[in-house]
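Participant: All chains, full assembly: derive it from the sequences and hints.
What follows is the residue order along each chain.
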Amino acid sequence: MKDLLPYITGQINDVISSIGLFMPEVYLTVLFIIVLVTDLLFGKKSAKLCRIVASAGILLVIFKDLQQVALTGAYALPIFNGMLVLHRTAIAFKFIVDILAFALLLYFAWDKKLQEHKKGLSDLYSIVIGSVLGLHLMTMAINLLSVYLAIEFVSIASYLLASYRTENAKTTEAGLKYVLFGAAASAVMLYGISLIYAYSGSLDVYSKEMAAGLMQTNTFSVSFALSLVFIGIGFKLSFVPVHFYVPDVYEGAATPVTAYLSTLPKIAAFALVVNFVAPFVAQQGFYTNWKGFDFRLTLSAIGILTMVVGNFAAVLQNNVKRMLAYSGIAHTGFALMALVTFTPQGLTALTYYLLMYGLANIAALALANYFENNESITNMSDYKGLGFKYPLASVCFVVVLISLTGIPVSAGFTGKVFVFSAVYGVYQQTHNVWLLALLITGAVTTVVGLFYYLKVPLNLFLKRSEFTPNEISYSTNLVVFSSVIALLLIIFGILPDLLIKFL
Amino acid sequence: MNLLTLLIFTPVLFGLVILLLPSSLRASFKYITLFATLLQLCFSIYIYLHFQTGAAHAGISNEGQYQFMQKLPWISLDLGTVGKMQIEYFVGIDGISVTLLVMAALVMVVAAIASWEITSNLKGFFALFLLLDMAVMGVFCALDFFLFYTFYELMLLPLYFLIGMWGGARREYAAIKFFLYTLFGSVFMLLVMVGLYLSVKDPVTGSHTFNMIHMMNPANYIDGSVFSVLNHATILGMPARTVGFVILFIAFAIKVPVVPLHTWLPDAHVEAPTPVSIILAGVLLKIGGYGIIRICMGIFPEVALSGAFWLGLLGVISILYGAFNALAQRDLKRMIAYSSVSHMGFVLLGIASNTAEGISGAVLQMVSHGFLSTMLFFLVGVIYGRVHDRDIYNFRGLGTLMPRYTVYVMVAFFASLGLPGFSAFVAEAFTLAGAFKSHSVNGLLPYWMAICGTVGILLSAAYFLWTLQRMFFGTISLKGGEIWKTALTDLNLRETVTLLPLALIALALGIMPALVLGKINDSVLALVAFTQNALGK
Numbered sequence: 000m001k002d003l004l005p006y007i008t009g010q011i012n013d014v015i016s017s018i019g020l021f022m023p024e025v026y027l028t029v030l031f032i033i034v035l036v037t038d039l040l041f042g043k044k045s046a047k048l049c050r051i052v053a054s055a056g057i058l059l060v061i062f063k064d065l066q067q068v069a070l071t072g073a074y075a076l077p078i079f080n081g082m083l084v085l086h087r088t089a090i091a092f093k094f095i096v097d098i099l100a101f102a103l104l105l106y107f108a109w110d111k112k113l114q115e116h117k118k119g120l121s122d123l124y125s126i127v128i129g130s131v132l133g134l135h136l137m138t139m140a141i142n143l144l145s146v147y148l149a150i151e152f153v154s155i156a157s158y159l160l161a162s163y164r165t166e167n168a169k170t171t172e173a174g175l176k177y178v179l180f181g182a183a184a185s186a187v188m189l190y191g192i193s194l195i196y197a198y199s200g201s202l203d204v205y206s207k208e209m210a211a212g213l214m215q216t217n218t219f220s221v222s223f224a225l226s227l228v229f230i231g232i233g234f235k236l237s238f239v240p241v242h243f244y245v246p247d248v249y250e251g252a253a254t255p256v257t258a259y260l261s262t263l264p265k266i267a268a269f270a271l272v273v274n275f276v277a278p279f280v281a282q283q284g285f286y287t288n289w290k291g292f293d294f295r296l297t298l299s300a301i302g303i304l305t306m307v308v309g310n311f312a313a314v315l316q317n318n319v320k321r322m323l324a325y326s327g328i329a330h331t332g333f334a335l336m337a338l339v340t341f342t343p344q345g346l347t348a349l350t351y352y353l354l355m356y357g358l359a360n361i362a363a364l365a366l367a368n369y370f371e372n373n374e375s376i377t378n379m380s381d382y383k384g385l386g387f388k389y390p391l392a393s394v395c396f397v398v399v400l401i402s403l404t405g406i407p408v409s410a411g412f413t414g415k416v417f418v419f420s421a422v423y424g425v426y427q428q429t430h431n432v433w434l435l436a437l438l439i440t441g442a443v444t445t446v447v448g449l450f451y452y453l454k455v456p457l458n459l460f461l462k463r464s465e466f467t468p469n470e471i472s473y474s475t476n477l478v479v480f481s482s483v484i485a486l487l488l489i490i491f492g493i494l495p496d497l498l499i500k501f502l
Numbered sequence: 000m001n002l003l004t005l006l007i008f009t010p011v012l013f014g015l016v017i018l019l020l021p022s023s024l025r026a027s028f029k030y031i032t033l034f035a036t037l038l039q040l041c042f043s044i045y046i047y048l049h050f051q052t053g054a055a056h057a058g059i060s061n062e063g064q065y066q067f068m069q070k071l072p073w074i075s076l077d078l079g080t081v082g083k084m085q086i087e088y089f090v091g092i093d094g095i096s097v098t099l100l101v102m103a104a105l106v107m108v109v110a111a112i113a114s115w116e117i118t119s120n121l122k123g124f125f126a127l128f129l130l131l132d133m134a135v136m137g138v139f140c141a142l143d144f145f146l147f148y149t150f151y152e153l154m155l156l157p158l159y160f161l162i163g164m165w166g167g168a169r170r171e172y173a174a175i176k177f178f179l180y181t182l183f184g185s186v187f188m189l190l191v192m193v194g195l196y197l198s199v200k201d202p203v204t205g206s207h208t209f210n211m212i213h214m215m216n217p218a219n220y221i222d223g224s225v226f227s228v229l230n231h232a233t234i235l236g237m238p239a240r241t242v243g244f245v246i247l248f249i250a251f252a253i254k255v256p257v258v259p260l261h262t263w264l265p266d267a268h269v270e271a272p273t274p275v276s277i278i279l280a281g282v283l284l285k286i287g288g289y290g291i292i293r294i295c296m297g298i299f300p301e302v303a304l305s306g307a308f309w310l311g312l313l314g315v316i317s318i319l320y321g322a323f324n325a326l327a328q329r330d331l332k333r334m335i336a337y338s339s340v341s342h343m344g345f346v347l348l349g350i351a352s353n354t355a356e357g358i359s360g361a362v363l364q365m366v367s368h369g370f371l372s373t374m375l376f377f378l379v380g381v382i383y384g385r386v387h388d389r390d391i392y393n394f395r396g397l398g399t400l401m402p403r404y405t406v407y408v409m410v411a412f413f414a415s416l417g418l419p420g421f422s423a424f425v426a427e428a429f430t431l432a433g434a435f436k437s438h439s440v441n442g443l444l445p446y447w448m449a450i451c452g453t454v455g456i457l458l459s460a461a462y463f464l465w466t467l468q469r470m471f472f473g474t475i476s477l478k479g480g481e482i483w484k485t486a487l488t489d490l491n492l493r494e495t496v497t498l499l500p501l502a503l504i505a506l507a508l509g510i511m512p513a514l515v516l517g518k519i520n521d522s523v524l525a526l527v528a529f530t531q532n533a534l535g536k
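So the protein sequences, as listed, match chains A and B.
All residue numbers in the first sequence are consecutive under numbering that gives the first Met the number 0, ending with 502.
All residue numbers in the second sequence are consecutive under numbering that gives the first Met the number 0, ending with 536.
Keep in mind the hints are simulated off the structure, nothing from the lab.
Some hints here could point you the wrong way.
Stated by the list, open to error - SDA-like cross-link-like pairs, simulated, lysine to any residue; straight-line CA separation at most 25 Å: (1) B:K83 with A:H430; (2) A:K388 with B:E171; (3) A:K47 with A:N372; (4) B:K83 with A:K462; (5) A:K462 with B:H387; (6) A:K500 with B:K83; (7) B:K29 with B:K83; (8) A:K388 with B:L18; (9) B:K122 with B:D222.
Facilitator: Here is the structure:
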């Protein structure tokens, strides 16, 4: 204890100076408490108020995120004694997470089934705000301890959300499945972390000690430990082979929650991988000549497998949510392609792609939700002829799915071009066959993707059926919401410059 | 305001107007569409008349020689160590595109008139129609590869819905087949496009560019890049430039369509409503041919020349296979669809010969086939609209029942089979002359290819004349009996007004091919010289 005394002042100073760089998270913490208190004070009728507070708060947090851009410049700033790091990419990811969280906060209450929840939605808002705090930590974590804590933070919030509304055995099963698999995955990850700690005596991924420790250790053991860690992260990313829980959970959860699960944790997990992998793949660093674990090879192989499995499995689905679940898996694979470039340009492409994926996926689920609210249908085959009954919603659906497929003119297409050019640029320099394989898989699976995405417009417009002329149309909010997103997707498709400079 | 930009975006503006108008005004939509296409036709005729000829305006690989150019910065992205990405809104035309542009504009007018038969969901139909119109014009004008690709892909979605929502019984199958086929070709094109732009640098700004004209100059390629001419890089063990050429060629060959990638075409044609068939045959197939000339030949000239034999072979196979298939069809529309495959084969054969005659013939064949196939499909639409049947064997003696209709059918058939005096004759004669000459000039194509091409003309005479004999001659005998007899009225004014100009143009181009050849000649010569130079290096 006495030995530590001289360090205490320095450490405290570091913590105090770090707080300045931690403002969005501080705001989120305060916001979390405010929402919670609002819920307690106003009881059952607080849902609306909580929603307003939460959405307004998130806007403030977005503002704070943007302020941080000026703060960091081009540097990476370690905060809280190297537990977290703040840099451009982390800020971009936080920005994306908050934007999408804002969209989701608006959207939650528009689901008919969640709305009818007898406990109200106030809790849901506080959970979401809490999870956004966790997501922020995920984007900045570089110490294995903070990595683990951030992931658990998000996991627990996700478990709560996934089983927020359980109406029948199936949804309960989905919720339970998620918790069990999640717990197992985090245990596996923890095991991996402890192995790494055992090899190196350090938890800081960026430290010299860890590099020295890992390089001395037997390659197989290190690979084993790193693989275990990746399984834990992969659970959040939902790449193959740890994707098996995804379709059931997405189908079972309330649709807005599915929108949450399929976007936010996934995007933050990408940020986590970026941070985690960075020291190992840096051009100059501790690991320059280390051949222990080929990150590019591993992640490329996973990416290819994920794209293939996700896309081909999606073809077989009839339930919209399951189809989008598998398509989400496929998009993870595609985004991994941008990640394995390990270049700043690749990261820009990655963030752009993920933001566009997030927006499109939320809109797609919102529209699925719209049909669910109005017609109580979730199967694509039941969409027959509804395009003429709900023209605006259906046209938006087409636009959103076109963006997910990646056909011009849509933001999904520009995202795809950015990713392809990032990968191609690296391929041109290194002639790594894996990158070429990724490019080809990405192109082929686009065609497969078209096949299942088009099932929706096919049923909406091409198949004809008799429908009863409209009684009352619910959820106009959802249509407006998704129309705005669809419009944004087209605008960013034509003018990606508007956005790309922020990422 | 740049004329080409006006030409491209006029339709989509009217499309927006249609979308915003209430459905109660749906009767006016067809007039708005017709007006938009007519306006576009006026623009294109103005452009045609003011198009400068002469060696100084040849275009092809000289950016300065393109006409009606507009260049605006569009997307720029910092790529860090690799440089900068530069995407421009860059449109311009040379001799190759100008005549196709006029042809496309006229076909669109005819298609708009043919849309009178559409009765359901008018708002959707005309909005998609005009969107498609914009994309088609954009493809012919774009000189930036990214812009080209955007327009190229933008055609798919409207077509999918146009075939899928207003088509015949098997429309879903035909629509998805068409979409998947084309997308399969074009996603790989996307990869090549990205590879090309990362290989090329704008000599002025020094950033990576999608400018097609810069891609044609070997000096703009970065040393050591994948597609550099000097670098001889390989992709999976194959020469990179050959791979790039083959991928682009496949993408366009699907559009042309070249046998064996043609199987989407009969299905799409048969299921599509008449206006869409007209656009498909009249314009979209030409985009394939145009792409091969502009992009495959322009960017990979040396590969195109070394592979000329195979291109020619595919052309000949298309000519013969399409013709034999046309002979075997019972469905009139299917017969014409296969005749399109056969006629587009001449385009490929002409391009492969790489002689001035051959390439001029190919372009002329595209223009001529644009008008003739429009006419043919419109004629099929006339009969199908009246009795909802088009099986050749269900009709007999139409000549006495519908004399005026028969006259136009005879004009269209005789023009298509290459009767001297009509446009197709000149076009096919030129391509075959090019193919014959090729053996002695550059040794690319053997004589037998030209001979097989000639056999193709013979076969086309066979299937057209046989159809004429089966359907129009003899005594009246219809499957539907008296009901059909009353339904099958002769051409009305709207139909006559549509068909007459087409017939006159087919005749005019046959008598005065200079209307087209005069405009394209300089560009064709420049293209031939350009490809020969590329081989010399």
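Participant: Would you mind marking each hint as holding or not holding in the structure?
Facilitator: Now the hints, each set against the structure:
Between K83 of chain B and H430 of chain A, the direct Cα distance comes to roughly 21 Å. Compliance with the 25 Å bound is thereby established for this hinted pair. A C-alpha spacing of about 20 Å is found between K388 of chain A and E171 of chain B, which places the hinted pair at or below 25 Å, so the restraint holds. The hinted pair formed by K47 of chain A and N372 of chain A meets the criterion: a straight-line CA distance of about 20 Å does not exceed 25 Å. Note on K83 of chain B and K462 of chain A: the hinted pairing is violated, with a Cα-Cα distance of about 46 Å set against a maximum of 25 Å.
Distance check on the hinted pair: K462 of chain A and H387 of chain B sit about 21 Å apart at the alpha-carbon level, within 25 Å; holds. Among the hinted pairs, K500 of chain A with K83 of chain B is consistent with the structure: their alpha-carbon atoms are about 13 Å apart, no more than 25 Å. Between K29 of chain B and K83 of chain B the alpha-carbon distance is near 45 Å, which puts this suggested pair outside the 25 Å criterion. The hinted pair formed by K388 of chain A and L18 of chain B meets the criterion: a straight-line CA distance of about 17 Å does not exceed 25 Å.
For the hint pairing K122 of chain B with D222 of chain B, the CA-to-CA distance comes to about 53 Å; that exceeds 25 Å, so the pair is violated.
Against the hints set out earlier in the document, violations occur for numbers 4, 7, 9.
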